[in-house]
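Using the hints, position chain B against chain H.
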Amino acid sequence: MRSKRSLLLIGAIPAVFLGYFFIYPVLTILYTGLVPDGQIATSAFSEALTSPTVRGIAWFTLWQALLSTLLTVAIGLPIAYVFARYRFPGRSLLRSLTLVPFVLPTIVVGVAFLALVGPGSPFGVNLRGTIWAILIAHVFYNLAIVIRGVGAFWEQVDPHLEDAARILGAGRFRVFRTITLPLLRPAILSSAALVFLFSFTSFGVILVLGDLRHTTLEVEIWRQATAFLRLDLAAALAVLQLIGVTVLLVLYGKARNRRAAELTLRPPSEVARAPRTTGEWAVVASTLCMLAIIVVTPLAVLIWRSLSTPDGLGLSNYAHLFNPPRATAVFVSPTDAITNTLQFAVPAVLIASGIGLLAATVIVSASGRSSRVFDTVLMLPLGTSAVTIGFGFLVALDQPIDLRASILLVPVAHALVAIPFVVRSTVPVMESIQHRLREAAAVLGASPRRAWREVDLPLITRALAVAAMFAFAISVGEFGATSFIARPATATIPVAIFRLLGRPGTFGEAMAMSVILMAIVAVAALGIEAVRGTRSGGV
Amino acid sequence: MKGLRLSVAVTVVALVGAACASSESTPDEVVLMTHGSFVVSEGVLEAFTDETGVPVTVLQSADAGTMVNQAILTKDNPIADVLYGIDNTFLSRAIAEDLFLPYQAANIDVAPESLRISGDQVTPIDYGDVCVNLDPVGLEDRGLGLPESLADLADPAYRGLFVVEDPSTSSPGLAFLLATISVFGEEGEYPWQAYWGDLMANEVQIVPGWEQAYYGDFSGGSGEGERPAVVSYATSPVAEVYYSDLDAAPTSIIEDGCFRQIEYAGILSGTEAESTAQLLVDFLLARTFQEDIPLNMFVFPANEDAALPDVFVEYATVPANPVTMDPAAIEENRDRWLAEWATIVR
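The listed protein sequences derive, respectively, from chains H and B. Under my numbering, think of the first position of the first sequence as 207, with each following residue one higher. Under my numbering, think of the first position of the second sequence as 1207, with each following residue one higher.
If we strip away everything but chain H, and leave its shape as in the complex, we get (with noise of 0.2 angstroms):
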């Protein structure tokens, strides 16, 4: 469709962000690594080949990463399903609860998880130091990712179609196998390796829940450069995660490529209907018990900390807040926290949209191999380590303009792992955008930019919504370049946590401004759901 000039110049934008706050300073980190007196490394690379440790924790990262993922589609889809098809009470603020886990500090999570799987278990399971209790965090922190990419999908699909087959006799299993699983297919890649990626680069859950059997790559190169201060092995260790991620990327690209299905889209407004008979009652009931015990449980007990006092419940941790009753006033306030994070979120959300859909346009309309590459390194940000990414900044980033130590970048790394989100929603429903519909715009005469903007404008939106909640998930819950950055008084909300819970005793408040976080995030989510809400009539 569209000219290959004008698909360069769209390309451009994105190609250049990404090399300049990507490329470039990943290069410069490892050069400066893997060759540090002009001479390659070699001896770091072989030990990392070589060590059977090395080994291990390379081969862990692989299989935690993919049962992570499997479990969390397995668990994710039938509740995607119910949120796409059904509506009931209080289906916008359980959705809108999904995205809350997302954002939240891993040790607050642990204490968390510990308290209902760990050794004082409320039902006697002890899930510590076992390789479940990974899992299970991993599942907690991604679900939203499968619930959300694949239901915006899911929610726009035609139920005729599953209908007609069923009245030719089809089961329920076959119809699902051989209509719905084949028109969703690129949602659930899409959604898959995402958690993927994140699964794979796991660091907060594997420190916090792990031991030294089960750690990731991820630790181990963080571990090298920090503890024992060899970047030279950490820039080996990090080759190896971007090799392994690129493989998978590759091998994801492949699968993608497969020719998806074009079905017509419509309005989220006719697909949800009310539950009717007792059986699909009982499938909405116990699809939300399954999400009530994986994700409000643990949310539950953080606000029950929030609210446990000396004196038994009360509001006292809340009130410390505002009001700290020590001389020393060290800590930032509930309400600037809020406005330094937001002032953070919205700038990456502006970035991560413009650039992602950019860049998702480009993926679909150009074809064959490059627009694979240009899609699997767009990805690659989410695969690769904090540590390589920050020290990377700091190494390159130093000319023309000194950014290191500039506010500006914060919203710029903030983006960098938001855009393979935009990037990843958008993608497919553009792709499933019917041909047809664009063609019978130009039949009756209008160009092409306009085709674009009243026929397929409408329908990324919707996607386009799902992919800057999590962009503004992914900026307000980020700590690493966010603390660095950010000075003590321009202190988010995840630093102000931080801060809270480096010494003994204000544990409570750390909880209270935890729970702040978590409403923080759902308004916002019921926020955006409420303006799709209202956008989506018009298809």
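Treat the hints with care, as some may be off.
Derived SDA-like pairs (lysine to any residue); straight-line CA-CA distance at most 25 angstroms [to be verified]:
hint	chain 1	residue 1	chain 2	residue 2
1	B	1281	H	514
2	H	460	H	385
3	B	1281	H	236
4	B	1281	H	230
If you're looking for bench data, these hints aren't it; they were derived computationally from the structure.
Frame of chain H; chain B shown alone:
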């Protein structure tokens, strides 16, 4: 006419010269790089700005190891002027990397000899002791007395009651490992490896960070866990009193086998504001900043003239003979010790 022109020219040159000179002596800002535990009261760093006219910008790394790496990576074109918070476990490496310009605070004499290092690379700013903290109530409920030494914790009577941090991911964890190496030694009948073997047999819990150990596993004070002994700081009981309405500390410490962490400040080589950086190091050791340290970071000021807050005077226990270790010895052996430790606990 000519004379006027000349005098104008001279004035211009003088003005430009003065402008240049003043831009050299008063930079726009002085940047202080430190770790994530750094906290300072409002108005304290502003006092430095009032004195010198230069605002202080703070860059905080998540942890000390990351901070040292960041400083090393940006050595040739530093992002900060002064590094504060590097402790004796990382100091040798930083000095070996030529990270610092030679300077010791003009007021260095206020710090006791025991905190200073040979050479003039860095100035001690604060110190604290990593000690085993105890929950007396939890121990009493089990009919146990307070353990008095590190060795007691390997006694089967205390099975399953102790939680420590992983020395490869946590700074108090490393301090505790170094304390055991110093107390039990590397050779002899009962070296540190044998002690750790007994700790493992006694079901010690190893967690990655202080937060999980203290809040997640420790049963005393604000801890929410089940174990009455944890590796924390000598001042943790003080913080417990300070942040609660209690009039006695709910936790106590074992005075045996505490490890002294000393934190230093140094001027990063490559700074373009050396003289201001020197003033900042002096300021960090002067009373205004020093007296603000205890209640924000729960460590002791290096300046002996600094007045301690009442809660420190009343509730802080300063171990009589803390373990100290030469930074060079730590640097030389750290990797080997960590590797050996890993084989014992795996």
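We went through each hint and held it up to the structure:
For the proposed pair residue 1281 (chain B) and residue 514 (chain H), the alpha carbon gap of about 47 angstroms is over 25 angstroms, so the pair is violated. Using a Cα cut-off of 25 angstroms, the hinted pair residue 460 (chain H) and residue 385 (chain H) holds, with the two alpha carbons roughly 21 angstroms apart. Taken as a hint, the residue 1281 (chain B) and residue 236 (chain H) pair is honoured in the structure, with Cα atoms around 17 angstroms apart against an allowance of 25 angstroms. The straight-line distance between the Cα atoms of residue 1281 (chain B) and residue 230 (chain H) is roughly 19 angstroms, inside the 25 angstroms bound, and the hint therefore holds.
Checked against the numbered hints given earlier, the structure breaks only hint 1 and satisfies all the rest.
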